[in-house]
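Q: Following the hints, complete the assembly by docking chains R and Y with the ligands onto the known chain D.
Each chain, letter by letter, is given below.
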Amino acid sequence: MSETEAAQDRACKISARNFSFFYGEHCALRDINLEIKRNQLLTIMGPSGSGKTTFLRSLNRLGDLIPGTRHEGSLEIDGTDVYSPGVDVADLRRRVGMVFALPVALPMSIFNNVAHGPRMQGIRHSKKLEKIVEKALRDAILWDEVKDRLSDHASRLSGGQLQRLSIARVLALEPEIVLLDEPTSGLDPISTLKIEELLWELVDRYTIVLVTHNPLQGARIDSETAFLLMGELVETGSAYDIFTRPKDKRTEDYVSGKFG
Amino acid sequence: MHNKETLIQWLLATVALSAIAVLALIIIFIFKEGSPVIARLGLAKFITGTKWSPTRGMFGILPMILGSVWVTLGALLIGVPMGLATAIFLAEMAPPGASRILKFAIQLLAGIPSVVFGFIGLVILVPFIRQWIGGPGFSVLAAAIVLGIMILPTIVSVCYDVFKAVPEAYREGMLALGATRWQTIKMVVLPAAKSGIIAAVILGMGRAIGETMAVIMVAGNATKIPVSPLEPVRTLTSNIALEMGYAIGEHREALFATGIVLFIIIALLNTLARIVARSEKV
Amino acid sequence: MKMTDRRITLLFTCITGLTILILVFIIGFIMVKGLPGLTLSFLLESPKEMGRTGGIFPAIVGTVLLTGMAVVIAAPVGVLTAVYLTEYTRDTWLPKIVRFGTESLAGIPSIIFGLFGFLFFVIYMDLGWSVLSGALTLSAMILPTIVRTSEEAIRAVPDAYREVSFALGSTRWQTVTSVVLPSAKPGIMTGVMLAVGRAIGETAAVIFTAGSSLRLPGTLLDSTRTLPVHFYILAREGISLENAYSTALVLILLILVINITAYAVMNRLANKGR
Ligand SMILES: Nc1ncnc2c1ncn2[C@@H]1O[C@H](COP(=O)(O)OP(=O)(O)OP(=O)(O)O)[C@@H](O)[C@H]1O
Ligand SMILES: [Mg+2]
Numbered sequence: 001m002s003e004t005e006a007a008q009d010r011a012c013k014i015s016a017r018n019f020s021f022f023y024g025e026h027c028a029l030r031d032i033n034l035e036i037k038r039n040q041l042l043t044i045m046g047p048s049g050s051g052k053t054t055f056l057r058s059l060n061r062l063g064d065l066i067p068g069t070r071h072e073g074s075l076e077i078d079g080t081d082v083y084s085p086g087v088d089v090a091d092l093r094r095r096v097g098m099v100f101a102l103p104v105a106l107p108m109s110i111f112n113n114v115a116h117g118p119r120m121q122g123i124r125h126s127k128k129l130e131k132i133v134e135k136a137l138r139d140a141i142l143w144d145e146v147k148d149r150l151s152d153h154a155s156r157l158s159g160g161q162l163q164r165l166s167i168a169r170v171l172a173l174e175p176e177i178v179l180l181d182e183p184t185s186g187l188d189p190i191s192t193l194k195i196e197e198l199l200w201e202l203v204d205r206y207t208i209v210l211v212t213h214n215p216l217q218g219a220r221i222d223s224e225t226a227f228l229l230m231g232e233l234v235e236t237g238s239a240y241d242i243f244t245r246p247k248d249k250r251t252e253d254y255v256s257g258k259f260g
Numbered sequence: 001m002h003n004k005e006t007l008i009q010w011l012l013a014t015v016a017l018s019a020i021a022v023l024a025l026i027i028i029f030i031f032k033e034g035s036p037v038i039a040r041l042g043l044a045k046f047i048t049g050t051k052w053s054p055t056r057g058m059f060g061i062l063p064m065i066l067g068s069v070w071v072t073l074g075a076l077l078i079g080v081p082m083g084l085a086t087a088i089f090l091a092e093m094a095p096p097g098a099s100r101i102l103k104f105a106i107q108l109l110a111g112i113p114s115v116v117f118g119f120i121g122l123v124i125l126v127p128f129i130r131q132w133i134g135g136p137g138f139s140v141l142a143a144a145i146v147l148g149i150m151i152l153p154t155i156v157s158v159c160y161d162v163f164k165a166v167p168e169a170y171r172e173g174m175l176a177l178g179a180t181r182w183q184t185i186k187m188v189v190l191p192a193a194k195s196g197i198i199a200a201v202i203l204g205m206g207r208a209i210g211e212t213m214a215v216i217m218v219a220g221n222a223t224k225i226p227v228s229p230l231e232p233v234r235t236l237t238s239n240i241a242l243e244m245g246y247a248i249g250e251h252r253e254a255l256f257a258t259g260i261v262l263f264i265i266i267a268l269l270n271t272l273a274r275i276v277a278r279s280e281k282v
Numbered sequence: 001m002k003m004t005d006r007r008i009t010l011l012f013t014c015i016t017g018l019t020i021l022i023l024v025f026i027i028g029f030i031m032v033k034g035l036p037g038l039t040l041s042f043l044l045e046s047p048k049e050m051g052r053t054g055g056i057f058p059a060i061v062g063t064v065l066l067t068g069m070a071v072v073i074a075a076p077v078g079v080l081t082a083v084y085l086t087e088y089t090r091d092t093w094l095p096k097i098v099r100f101g102t103e104s105l106a107g108i109p110s111i112i113f114g115l116f117g118f119l120f121f122v123i124y125m126d127l128g129w130s131v132l133s134g135a136l137t138l139s140a141m142i143l144p145t146i147v148r149t150s151e152e153a154i155r156a157v158p159d160a161y162r163e164v165s166f167a168l169g170s171t172r173w174q175t176v177t178s179v180v181l182p183s184a185k186p187g188i189m190t191g192v193m194l195a196v197g198r199a200i201g202e203t204a205a206v207i208f209t210a211g212s213s214l215r216l217p218g219t220l221l222d223s224t225r226t227l228p229v230h231f232y233i234l235a236r237e238g239i240s241l242e243n244a245y246s247t248a249l250v251l252i253l254l255i256l257v258i259n260i261t262a263y264a265v266m267n268r269l270a271n272k273g274r
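Residue numbers (my numbering), protein chains in the order written: chain D, 1 to 260; chain R, 1 to 282; chain Y, 1 to 274.
Please keep in mind that the hints were generated in silico from the structure rather than gathered at the bench.
One or more of the hints may lead you astray.
[What the hints assert, rightly or not] Quick list of in silico lysine-lysine cross-link-like pairs, DSBU-like style, CA-CA up to 30 Å: (1) R:K4 x Y:K185; (2) Y:K185 x R:K164; (3) Y:K185 x D:K127; (4) Y:K96 x R:K164; (5) Y:K185 x D:K147; (6) R:K194 x Y:K96; (7) Y:K96 x Y:K185; (8) Y:K185 x D:K128; (9) Y:K96 x R:K32; (10) Y:K96 x R:K4; (11) D:K128 x D:K147; (12) D:K194 x D:K37; (13) R:K4 x D:K128; (14) R:K51 x R:K224; (15) R:K4 x D:K127; (16) R:K103 x Y:K185; (17) R:K103 x Y:K33.
Same shape as in the complex, but just chain D (with noise of 0.2 Å):
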């Protein structure tokens, strides 16, 4: 590696500017300037509806799916716009892995949920695959608690476990990226705070963009965070700043728990 492009590597993973995103007529996102770094974890806070979901399925390209959806300005990954013609979406959306914010279990074995995406990349063999699996659910926290039942149905488990799955499912594709959509929404605090602890494992290996409307949530996690109001990037900071010292009277507004 060149010394400029390892500068380069540090510097910038994901760089945003003037990104908008619009469903039809609706403008979602508003000339959205943001940088994240690598092996960063940023977290994006907001009320609903301000568009965190959207940016995330922006970087996927998950929001390509809707029709009528259309962006403008340039959202880049490693220097390449997401949305330039030359990219393979179904590469993208490997390098950069998604977890939703309901936790779905796809309708087959915990083994095969994990399995599914190395599966569809071509890997058959069955020895490798369960490395694979087995190395993706340690990640994710969850193989102590399911190795003896890898070949129930994923459905059975309980909701905290189930969100694990869904983050072992897209580590198990070794992605570059982790965004998670409110991973921890329709968990108890024990689950959540696993969760949480999770992250900070896993930001050594990937970059991680966590979405939470919840304030408190954020200063938890206290890590690089950014807030968004109607669509607009209001400010970014450290966790710290944002509480504390928020540059922004609509940032304090929020943090205080006025709205939102």
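A: Here is chains R and Y with the ligands on its own, set in the frame of chain D:
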């Protein structure tokens, strides 16, 4: 990867077009075979002619057109009220458990083959009519009863779904105003389900007009215009099925021409159904 | 007020009862009349004297062959059509035409299919009265049922499954084959079984395309006779009422078993959804 997906999409589109291809082939082949005789005789003479006598080269299908109409109307007269009442009972009155079992039984009725319906009509209904009501037994009436029963499952299941789609809030609103169950059904459920009921009737009509084997066995198949429900009758479908086995030359063409007329009637009904379905959406 | 309500409920109960009674009567009547003649040798022997005596073995073989082939042809086409209509409909005019085609086909009476099969498969394609002609005609006839039920089953698959699969980098086709179709499988199976039930009982479309030969078909180009056709000929030509009843019983039992299985699968689905 991308190319493969595009290829798959095109392959799927091609497969999906097979339904329309079959439809096109049906139209092309039946019209090609049946239209020369219509052209030779003249459309008016073909559909208003009252004599069907293949040996003498006379091909008028008015008796069969009227036969199909009478038999179908009769079937609707029996099947629609019965089907509607059953659907109302199942959707609005019966306890859910009983309703599920009864609905299942009615679905089974739909599975009974038309030859069996016709046969039961032949051995039970026809003698009954001959003995207790009059005429030869083979009659418009017998065909109408058999067809009425055969279209019951269609009417019941379509109407049932329509009733179930009427929002519960409508009913609760009426019941809260002190209306009885029947008043609620009459004033809220039925009006809300009107176009769905019409669709069910049209669907049943298509079934009745197109039914062949059951009708052949009970209708008597005489080629004259019936003047009473107790007289034998021949429908468009039976006309085809009865004579296809041995018809040759112009005679066979005339049978395909009968098929064209049947096809057009069905197409008109389908169009009507589409218009009703569309008016519902608006 | 309450009086009329009660009377109407009673009336509607009676009408529903009558409907059920008709079903019970038909099945019961055929059972009682057909059971005495229904022996193992009746099922396994060939008919003699046009079916006056002997069994119905060739008709059973003919029915299974015709229906089986019709499903083997129509099921893949129907399911793929449904996949196209549900998962690939970005363009606007093509799916509209396809839908028009399947809906129109669904309304066409079986006698028209018979006429068409006779002209196209028997004569134009020169397949003669044969298993193949009959099966192809039947497959065209059951295609709309399979498309419609498969479409319903596929639409019932939650979108979340698709999203997860896409987010894992699967292509659309991979998502369809690995997630959508497996989830929709029970519903699709129900539809296919209902279509089989319909095909087994079909007479008008079959009699002019598969013919009515009483011999066992040696090849797919041989003529054959299905159970409903055999029954029709026995009953209508008055060859043997006794054998007609027993044939009808076999036919009805076959259809009932298939339909009950289909609905059982469907009910299991509905219960699982709850
Ligand atoms: N599929 C869609 N079609 C039309 N508008 C949409 C769609 N999805 C989202 N929107 C709109 O875009 C805006 C942003 O939605 P988004 O889901 O990104 O919000 P969010 O910040 O994730 O909210 P929440 O915290 O409730 O999940 C909202 O106004 C929403 O109504
Ligand atoms: Mg959201």
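Q: Let me make sure I understand: some of the numbered hints might not hold for this structure. Which ones are they, in numerical order?
A: Every hint satisfied by this model.
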